[in-house]
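**Student:** Protein chains in written order, with my numbering: chain A, 1 to 369; chain B, 1 to 294.
Note that these hints are calculated values from the structure, not bench results. Where hints are given, some of them may not hold.
[What the hints assert, rightly or not] What follows is a set of in silico ranges between Cβ atoms, one per label pair, in the way DEER data are often shown:
id, chain 1, residue 1, chain 2, residue 2, range
1, B, 120, A, 28, 51 to 61 Å
2, A, 208, B, 115, 11 to 21 Å
3, A, 208, B, 84, 19 to 29 Å
4, A, 340, B, 166, 22 to 32 Å
5, B, 108, A, 175, 25 to 35 Å
6, A, 32, B, 206, 42 to 52 Å
7, A, 28, B, 187, 34 to 44 Å
8, A, 340, B, 290, 19 to 29 Å
9, B, 26, A, 39, 49 to 59 Å
10, B, 108, A, 15, 18 to 28 Å
[Claimed, not checked] Which chain B residues stay away from chain A? Per the calculated CB distances, all over 12 Å, these:
id, residue
11, 217
12, 230
13, 234
14, 261
[Unchecked claim] Covered by chain B, per the in silico footprint, the following chain A stretches (three or more residues, Cβ under 8 Å):
id, region
15, 19-30
16, 187-197
Virtual Cβ for every residue (Gly too), placed ideally from N, Cα, C.
The lines below spell out each chain.
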Amino acid sequence: MSATAPRRRSVEVSPTQATWLVAEREIGSKLRSRTFVVSSILLVLIALAAVLWGGFSAGREEAIEVAAPADAAAQLQEVPGVEVVDVADRAAAERLVRDGEVEAAVVVDPGSPVGLTIVADSEVPAGLQQALAVQPEVELLDPDAMNPLIRYFVAFGFGIVFFMAAMTFGATIAASVVEEKQTRVVEILISAIPTRVLLAGKVLGNTALAMGQILSLVTVAVLGLVITGQTELLAGLGAPVVWFAVFFLFGFILAAALFAATGAMVSRQEDIGSTTGPVTYLVMAPYLIVVFFNDNPVVMTVMSYVPFSAPVGMPVRLFFGEAQWWEPLLSLGIMLATCAAVIALGARIYENSLLRTGGRVRLREALAG
Amino acid sequence: MLRLRGIVKTYGDRRALDDVSFDVAPGRLTGFVGGNGAGKTTTMRIVLGLLTPDAGEVSLDGRALTAADRRDFGYMPEERGLYPKMKVLEHIVYLARLHGFPRDEATARATALLGRLGLGERLRDNVEALSLGNQQRAQIAAALVHDPEVLILDEPFSGLDPLAVDVVSGVLQERAAQGAAVLFSSHQLDVVERLCDDLVIIAGGTIRANGSRDALRAAHAGRRYELVSAGDAGWVRELPGIEVVRFDGGYAVFDAESEEAAQRVLRRAVDQGDVASFAPQHPSLAQIFKEVIQ
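I would like the entire structure built from these sequences, with the hints used as guidance.
**Tutor:** Following this line, the structure appears as structure tokens:
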């Protein structure tokens with residue numbers, strides 16, 4: 001400012017405004033990091049590829065091309081997964097089989113128990129054989145129970161997404177807190193705005209980034225399922241995914257507050273691990289539990305109420321229809337209460353540790369102030 | 001008026017600050033001088049509220065300092081700190097916005113200030129790409145961009161080349177002229193001497209001298225005079241009550257026992273021939289500093 005510029009006192013900035021400014025800077029600096037952008041795009045592409053690949057490989061079994069004269073073709077009409085190529089007679093059908101135009105031919109054979117004979121080139125077409133075989137009726141006593149493999153994959157999916165997002169963005173928060181401490185920019189920041197506002201802005205900014213990533217993964221997954229026509233699975237996943245997003249939001253805030261607080265306890269990037277370690281285990285635990293115990297109803301029920309593991313546990317239970325309608329609400333209530341308590345605790349540790357440079361701040365000192 | 005009264009700070013057994021009291025007046029530049037570990041940085045951090053004193057208080061215009069008051073202060077910490085990966089302009093704009101300026105005004109202020117500090121060409125560079133001297137200028141911009149009424153600057157001149165020292169001095173003088181109270185510490189006593197209106201000298205955690213620069217100089221001036229005359233001034237040493245410090249032809253520096261003794265020298269010199277100059281010698285800040293910290 002030159003001497004002639006009109007003097008103007010800076011106006012008091014409201015905590016909300018300041019929080020947004022801090023959050024905006026966090027998001028802006030992250031979006032400008034090439035590593036972050038590239039790894040996010042890769043993650044989304046991998047997710048898309050996985051869903052598409054899964055969908056197409058599931059749909060590929062369908063069309064077995066079969067040549068059949070008119071009398072056999074009439075009997076094949078009802079058989080699923082078989083595409084009939086009409087031919088005049090057995091000789092024409094055999095020609096197509098030899099030429100490799102079709103996988104096999106089917107002709108009427110009164111001597112066979114099912115009245116049909118399969119003509120193939122050199123390999124037994126097992127799929128077709130099974131499709132035409134006469135099989136006894138099967139009656140399931142628990143028709144709704146899901147395939148254990150699907151159960152595993154759904155549990156694994158929620159687990160890994162929560163774990164990876166919480167780890168990536170949690171570590172980002174811890175690193176950025178230490179960066180501010182290490183470069184001493186923190187002294188300038190907190191001489192301008194309250195410490196809690198700085199903490200809130202950092203948590204908010206990184207939560208927005210993490211949610212952005214989660215939502216783009218969800219969008220990609222939905223797109224992939226629609227493209228590959230797996231609308232049935234999609235319908236089952238809808239509500240649990242929405243719950244997952246809600247739980248994830250608060251679960252992430254919980255983790256973020258702890259990562260920021262424990263990050264503030266050290267002064268150098270090299271030392272981060274020594275204080276953030278326990279928080280890392282906390283976000284890793286739900287993933288490991290869900291992988292090993294996804295078929296244990298007691299563990300899963302407990303898990304769906306413990307705040308740190310609820311973002312993984314509750315959506316899995318919802319997906320398999322094992323939770324009553326009120327259960328996610330109760331669990332969410334517990335989560336919110338824990339969130340409030342942990343944020344208060346985290347803010348205290350953060351405030352008391354931020355200006356202590358040099359060695360590592362002991363937890364007792366950080367809590368006492 | 002920023003006022004410190006009876007500030008005490010102890011670290012374990014070591015008393016870092018003991019009954020530190022002084023004022024920083026608006027419209028004036030106050031130099032804060034002391035050796036390494038004398039307590040300058042601790043004092044400044046207490047003023048900013050980054051440290052809590054064991055005793056004593058800091059007040060602004062007669063009221064105890066509040067967190068909101070402190071947020072309006074301009075502060076340059078001893079250990080420099082800006083985000084290395086942020087662009088210079090963007091960084092200063094961000095700080096101005098944290099102080100409550102809308103984006104447009106923040107940008108206008110930051111651009112003008114950085115230009116004034118000689119960083120006009122580097123606005124779009126990352127902070128980490130700047131030389132240390134230029135990072136220092138950016139740091140000064142960070143402290144000044146919201147036009148604070150109280151400025152606390154820890155070693156603002158360290159690491160600056162002489163031209164940059166002049167630029168920064170000019171900016172600080174402007175701020176003082178506009179009514180800001182400016183407290184700055186420095187090891188460069190010549191800069192402090194040239195720049196500041198008031199002086200605070202600290203050593204071993206206690207204030208050793210405190211007041212306007214001119215008053216301090218007068219208080220520490222002995223009766224040392226310098227005479228430049230035509231012809232030989234050897235006669236000076238024969239006069240009563242005079243002790244010659246240096247002597248060379250017509251040039252003499254001497255300590256007089258009393259004002260009258262000095263005046264006798266002047267009268268005699270005029271009788272003896274032309275006098276080019278006769279003046280009391282003011283002690284330099286470096287001399288005062290050495291004297292008071294002993």
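**Student:** Take the hints in turn and mark each one as holding or not.
**Tutor:** Against the structure, the hints come out as follows:
1. B:120 / A:28: 51 to 61 Å: violated (23 Å)
2. A:208 / B:115: 11 to 21 Å: violated (34 Å)
3. A:208 / B:84: 19 to 29 Å: Given about 23 Å between the Cβ atoms, the range holds.
4. A:340 / B:166: 22 to 32 Å: Violated - the Cβ-Cβ distance for residue 340 of chain A and residue 166 of chain B, about 54 Å, lies outside 22 to 32 Å.
5. B:108 / A:175: 25 to 35 Å: For residue 175 of chain A against residue 108 of chain B, whose Cβ atoms are near 33 Å apart, the range 25 to 35 Å holds.
6. A:32 / B:206: 42 to 52 Å: With a Cβ separation near 49 Å, residue 32 of chain A and residue 206 of chain B satisfy 42 to 52 Å, so the hint holds.
7. A:28 / B:187: 34 to 44 Å: holds (38 Å)
8. A:340 / B:290: 19 to 29 Å: violated (59 Å)
9. B:26 / A:39: 49 to 59 Å: Given a distance of about 52 Å, which is inside 49 to 59 Å, the answer is holds.
10. B:108 / A:15: 18 to 28 Å: holds (25 Å)
11. 217: holds (28 Å)
12. 230: Correct as stated: the minimum Cβ-Cβ distance to chain A is 46 Å, above 12 Å.
13. 234: The claim stands: residue 234 of chain B keeps its Cβ more than 12 Å from every Cβ of chain A (closest is about 53 Å).
14. 261: holds (47 Å)
15. 19-30: Per the Cβ count (4), the hint holds.
16. 187-197: Three-residue rule met by the region 187-197 of chain A, so holds; n is 8.
Hint violations for this structure: numbers 1, 2, 4 and 8, all remaining hints satisfied.
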